[in-house]
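Engineer: What follows is each chain in one-letter form.
2 protein chains.
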Amino acid sequence: MATIKDVAKRAGVSPSTASRAMHDSPLISEETKDKVRQAMRELDYSPNFAAQNLANQTSNTIGVILPAREEAVGDNPFFIQIIQGLASICNAHDQLVSVASGQTTEELIKNIETMIKRGNITRFVFVYSQANDPVLECIKQHSKIHYVVIGSPYTDKETTCYVDNDNFKAGYDATKFLLDKGIAQVVYAHTNLAEKVQNARYKGYLAALAEVGLAESPLCLSTVPAAEMQNAQAFSKIMAKSSGKVGVVACDDILALEIQHLCDICEVERSELALLGFNNSLLAKTARPALTSVEIFPRFLGSEAAALAISTKENDNLKLETDHVVVPHKIVERASTKI
Amino acid sequence: MATIKDVAKRAGVSPSTASRAMHDSPLISEETKDKVRQAMRELDYSPNFAAQNLANQTSNTIGVILPAREEAVGDNPFFIQIIQGLASICNAHDQLVSVASGQTTEELIKNIETMIKRGNITRFVFVYSQANDPVLECIKQHSKIHYVVIGSPYTDKETTCYVDNDNFKAGYDATKFLLDKGIAQVVYAHTNLAEKVQNARYKGYLAALAEVGLAESPLCLSTVPAAEMQNAQAFSKIMAKSSGKVGVVACDDILALEIQHLCDICEVERSELALLGFNNSLLAKTARPALTSVEIFPRFLGSEAAALAISTKENDNLKLETDHVVVPHKIVERASTKI
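Protein chains in written order, with our numbering: chain A, 1 to 339; chain B, 340 to 678.
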């Protein structure tokens, strides 16, 4: 019986490309998809291959690890879309998706250990990436466990499988989007530049400004409610120096909403800004003016991570290829940047 | 080896109460918890009982069914909290949580069938309840499959296991909360009274008004973007008839935000309203004025559903007790109702 590796070889592509082509990923060209489909027909390949492994030692289950802190999850509505993307691909390949959760790091680690010992689960997807993560350290200590990270890994990036957006490019595109409207001052609003996502978008912002010889104008805000007056002062200072329409790239939709509130507090018309956020969440749609936001396609982050975890299942030594996948982004324009 | 049924019998409670007591549910009194703990000690009961079943025909996995329509999931940030609650209890009982998802109803049903056939999964939790659901019909056709619904079942309510908030009481409490502030006109904003949740909250609203002899003032809105002017007309009409502060019970936070926007369109000061939503989502926290909202504890909806699905596992005939659990709600007051 043909495996996905056989199909990949005949089509002249990598196993992960073959898998992506099979589930119609937007990352794969139609030409490549045709090649893979033809190889599938020639080899009489059935995508239900994974069912073959049911009797094996290795379980046909992918473990999905949610971050331990409850707030971290509640504040990120796109986790559920990531899980949907994961489940969709896994279900289609007869793989189960099993969720590991915990209210504390200790509880989460204990639950993962149970999944490994009792469930024989050997493949995991982290739906988050954070610095100094004890959960990741625990997984790394298991020699036969393989994992895929959604987001940019903080350590061992070269040897880790991960799926991410190109946040540098996203920051660059967002800034250029505002500059192309003739805006002469663009602010970058953030809370913590030590966070990889915020930092990469910031670097992209700087690159876009450098191209047109404009100076940077970073605005560091706090999301602690008590910091509102301090935020307002920092915002006022920037607005006082500016003339004409000010562009603001906010590192996420939550922060973009905070900027709208700062406008009200500082008696700046919301329409004086050209404001843009990231994540294209429900917050962006319900804001007034509705918020232009960068869609990061969480569903595809999930499905690509699943494909990466599944596609090399047949490798004899069960090692995943060291690989990473970049999921595209897209600016969704709404009223907040209409000039 | 003692089972949870033995513990329950000795403590003089039902198996589901025993299970809830074990995982420290807020629904169980301290007195009952003490009784259960003592019975556990006397019988040397280990909560890892489920591991005993690993070798059995029945898998130690609970299937979690997400609604098929992607938008339905994306718009409900509390699904992830439900899953966390489910996973937390299941993990603690050595049960895996496996997610079923699909972009279409057909895909979802196919995936569930695979989980049943290949994964031997016999217990499912629906994280939603909707009228005429073909997925539920499919599950019902399997005689050995048992399921728990989160929400109020549209059919066979008497014989279905479900976990829900008391939405009548929640609507009543929300309305009374506004009336107790001396507000003489309270509006109920909704989109569709055929939906059980919206309807139950509406009935509670009517009951609270009836107690003080006030007339109802329902406001039917559409969430279709094109309906904004129509919404504004309906809202203006209600505001024109009113004098003094108007209370608004909006059937969820999204609709409460829509009311805030209608204020801006109709040139009504947002502070003229005492506005309240449901779900206590991120939208409530980021609104201005920040929105008073009824917390429905999605995490507990998940953990209670898991407890219900697990607790009767040892029943010989694998039938779940017909049971339902009511998760409490709580009004979280913010600026939108401060007078």
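Calculated from the structure, these hints are not laboratory results. The model shown is predicted, which means the values in this text are computed figures rather than measured ones. Please note that the accuracy of each hint is not assured.
To be verified - Label-pair distances were calculated between CB atoms; the ranges are:
(1) Thr444/B x Gln38/A: 30 to 38 angstroms
(2) Val671/B x Gly12/A: 57 to 65 angstroms
(3) Cys559/B x His142/A: 19 to 27 angstroms
(4) Pro473/B x Asp34/A: 54 to 62 angstroms
(5) Glu42/A x Cys559/B: 56 to 64 angstroms
(6) Lys9/A x Gln442/B: 29 to 37 angstroms
(7) Asp44/A x Glu446/B: 17 to 25 angstroms
(8) Ala184/A x Glu611/B: 52 to 60 angstroms
(9) Gln130/A x Ala341/B: 39 to 47 angstroms
Where is the CB? At the ideal position from N, CA and C, for every residue including glycine.
Engineer: Which numbered hints are broken by the structure, listed smallest first?
Structural biologist: 3, 4, 8
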